[in-house]
Every structure is written in C-alpha cells, then in structure tokens.
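Each chain, letter by letter, is given below.
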Amino acid sequence: MNVTHDTAQKTTTLHAIGRLDFEAAGGFQKDLEASVSAAAADGNAVLIDCSALEYVSSAGLRVFLVGARAAKAANVPFAVYALTASVKEVFDVSGFGRIIDVLFDRAGALEKVGRGA
Amino acid sequence: MISLTEELTLLAVEDDGRIAYTAGSPNFAMALVGACIVDLNTAGRVDADLTGLNVLSTEPTGLAAQDRVLQVLAEGPIQTTDRWVLELQGDAPDLVRLTLAQLQQRGILHQSEKRFLWALRARRYPIDDGGKEQKEAKLRILAALLSDGLPTPHDTILIGLAVVGGLLEAFMSKSEIARLSERIAEIGGLDLVVRGVEAAIRADAEVRAHAIMLSIH
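Just so you know, the protein sequences line up as chains A and B, in that order. Position one of the first sequence corresponds to residue 170 (this note's numbering), numbered consecutively onward. Position one of the second sequence corresponds to residue 3 (this note's numbering), numbered consecutively onward.
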C-alpha cells in the first residue's frame with residue numbers, strides 16, 4: 170500500500186492507495202501515529218482518504234482504531250471518507266462506524282472535523 | 003506480555019482455582035478459538051477478511067494452542083473465520099489444556115488435585131503470581147468500559163471475546179453489566195475475527211434450535 174499526504178485548510182490528509190493487509194499495516198500505523206502527533210502540535214485535523222483503498226484485512230482494520238484512539242487522546246479531530254464498497258462493508262461488519270466518523274466525501278469530512286468552507 | 007488466548011483462559015479461572023462453569027459452554031469454546039486466531043493474526047501467521055482466513059506463514063509461534071490451530075488452518079481449505087471457529091470448537095478442551103500448561107510454565111498458575119470423600123477428584127488451577135496478570139486483564143477491561151476513550155485493538159478484542167464467552171460475569175455484577183451494556187456494545191469486539199466468532203455462535207445456536215424443534219415434531 171502507498172500513502173501520500175497533503176496539508177490544507179488546517180487539515181492533514183493521508184491518501185491510502187492499494188491494499189491494507191498485514192504486510193502494510195505496520196508501516197501505515199507508524200505513518201498515521203506520526204501524522205496525528207504532528208497534527209496535534211500544529212492544531213490540524215487528520216483525515217484518511219479511502220477512495221483508492223481497495224482492500225482492508227483484519228490486521229489493517231486495527232490500524233484505523235489505533236489512529237482514532239491516538240487522535241481522540243490528543244484532541245485531534247479525525248475522520249475517514251470515500252470508503253470503497255468493500256472497505257465500507259468491513260467497517261459496517263466490524264462496527265467501526267460507531268467509533269469513527271465515516272463520511273461520504275471530502276467535503277463532508279472537512280465539515281465534520283470543523284474545517285468546512 | 004501474555005497472549006490473548008492466555009488472558010481469556012485466565013479470566014475463566016475463579017479465585018479458588020476452579021474453572022468457571024461458563025467455560026464449559028460452546029460459546030466459550032468458540033471465543034477461545036477466536037482468541038487463538040487473533041494471536042496468530044497478531045503474529046503474522048494468518049490474516050482475515052470477509053471472504054476467508056488466509057495463512058501467511060506456517061512458522062510456529064512457540065505457543066502450543068495457537069500452533070495447533072495454525073496447523074489445522076494450514077492443512078485445510080480457505081474458508082471464512084466463522085466456518086473455522088465452528089469447525090475448531092471441538093478442539094477447545096485441548097486448547098484450554100495446552101493454554102493452562104503454558105500459564106503453568108510461565109509460573110502464573112499451577113495445577114492441583116483435591117480429593118473429596120477419598121474418591122472424587124477435583125482439579126483446580128490456583129493462581130501463583132499474586133493474580134497479577136489476571137487482575138491486570140480485569141482492570142484493563144473495567145478501565146475501558148468506564149472511560150470514554152477508545153480501547154486498544156487488543157482490549158476491544160478481549161472485551162468482545164469475554165462478552166461472547168460469558169466471562170464478564172466472573173468479575174462484574176449483572177447490574178453493572180446491564181448498566182454498561184451500551185458501552186460494551188460500542189467498544190467490544192471492534193474486530194473482524196470477533197465478528198466471525200459472533201457469527202459462528204449465532205449459526206451454532208440456530209442449528210441447536212433447529213434440532214430441538216425437529217425433535218419435538
């Protein structure tokens with residue numbers, strides 16, 4: 170899996186591309202934790218763009234919980250958006266929608282984390 | 003740190019070393035299999051998704067119960083987590099035995115046999131480390147349920163498996179569990195493997211219910 174980053178509107182966005190499985194989970198977790206930490210220092214929100222995330226396994230899913238947990242503990246607004254159908258199904262089955270803000274698109278996500286236009 | 007399987011098994015050991023009656027239930031058996039699968043996932047031996055449980059490596063972990071499950075998974079077809087949990091629940095007594103032996107090797111408990119009326123034997127597993135590991139697991143569960151933070155992946159899985167395995171009752175009152183039911187539902191079992199265990203439990207209950215109805219008519 171590849172991850173690109175951008176920062177705009179006081180928001181750090183991680184764009185997850187590809188498959189988040191056991192092999193990719195460790196690296197993504199480090200990246201996400203570092204992004205949350207930096208966002209906390211800068212007063213930014215953190216979003217994860219899942220529009221190009223094709224697949225999430227059980228190991229990969231746990232990374233979202235780690236990120237959400239770190240964000241909540243650091244008072245960093247956090248959301249994910251544009252889940253593909255297969256990833257949305259994983260989120261629905263596991264109940265992640267109860268603990269992570271999941272939005273349809275970037276505009277909705279920015280609104281949710283208080284960075285909307 | 004001890005494995006999830008060991009923690010779950012420890013939660014089933016009562017203060018006097020007896021094994022809680024709930025550990026004799028099919029639900030506990032399936033929760034224990036789920037714990038083994040999660041340990042294997044954490045160790046990079048398997049990974050699960052909604053279509054199946056995939057074996058990534060057959061290298062033993064060194065934990066007997068988990069390695070036994072890994073061997074079965076490696077030799078079998080790719081199937082969903084719930085199918086594997088249903089299939090492996092019959093192995094639960096052996097998995098418990100292997101896990102208790104592991105806990106004994108770690109010095110966390112020991113096996114003792116008491117005789118009653120000179121003939122009846124009762125096996126118990128008194129805890130040796132001052133109850134440290136068991137207390138820690140219980141305190142982490144309670145802390146997660148009583149706070150409004152998010153749990154770690156490990157703790158959400160432990161809570162989810164303790165719930166379906168009937169183990170919360172061992173250290174929380176019915177009224178406490180009822181009072182915290184929303185929180186338990188919110189943060190317990192936020193995990194694909196735990197959801198697979200829950201699906202297996204539902205499927206197993208349906209089969210049993212069907213069998214009962216057939217026997218009536």
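To be clear, the hints were calculated from the coordinates, so they are not data collected in a lab. Check each hint, because a few of them may be wrong.
Computed spacing ranges between beta-carbons, pair by pair [stated by the list, open to error]: (1) B:Thr-60 / A:Asn-171: 23 to 31 Å; (2) B:Pro-128 / A:Thr-253: 48 to 56 Å; (3) A:Phe-273 / B:Gly-26: 42 to 50 Å; (4) A:Glu-280 / B:Gly-26: 19 to 27 Å; (5) B:Gly-26 / A:Gly-212: 52 to 60 Å; (6) B:Arg-204 / A:His-174: 51 to 59 Å; (7) B:Gln-73 / A:Glu-258: 29 to 37 Å; (8) A:Asp-175 / B:Glu-171: 30 to 38 Å; (9) A:Gly-212 / B:Gln-73: 50 to 58 Å; (10) B:Leu-58 / A:Ala-209: 44 to 52 Å; (11) B:Thr-154 / A:Phe-273: 25 to 33 Å.
Virtual Cβ for every residue (Gly too), placed ideally from N, Cα, C.
Do the hints match the structure? See the list:
For the hinted restraint 23 to 31 Å between Thr-60 of chain B and Asn-171 of chain A, the CB-CB distance of approximately 29 Å keeps it satisfied. About 52 Å separates the C-beta atoms of Pro-128 of chain B and Thr-253 of chain A, a value consistent with the hinted range of 48 to 56 Å. For Phe-273 of chain A and Gly-26 of chain B, the Cβ-Cβ distance of about 47 Å falls inside the hinted range of 42 to 50 Å, so the restraint holds. Restraint check, Glu-280 of chain A to Gly-26 of chain B: a C-beta distance of roughly 52 Å breaks the suggested window 19 to 27 Å.
Our hint of 52 to 60 Å for Gly-26 of chain B and Gly-212 of chain A holds, since their Cβ atoms are close to 54 Å apart. Checked against the hint of 51 to 59 Å, the C-beta distance between Arg-204 of chain B and His-174 of chain A comes to roughly 41 Å, which is inconsistent with it. As the Cβ distance of Gln-73 of chain B to Glu-258 of chain A is approximately 30 Å, the hint placing it in 29 to 37 Å holds. At about 49 Å, the beta-carbon gap between Asp-175 of chain A and Glu-171 of chain B misses the expected band of 30 to 38 Å.
At about 51 Å, the beta-carbon gap between Gly-212 of chain A and Gln-73 of chain B stays in the expected band of 50 to 58 Å. Between Leu-58 of chain B and Ala-209 of chain A the Cβ separation comes to about 34 Å, which falls outside the hinted range of 44 to 52 Å. For Thr-154 of chain B paired with Phe-273 of chain A, a C-beta distance near 29 Å keeps the hint of 25 to 33 Å intact.
In terms of the numbered hints stated before, the structure departs from hints 4, 6, 8 and 10, listed from lowest to highest.
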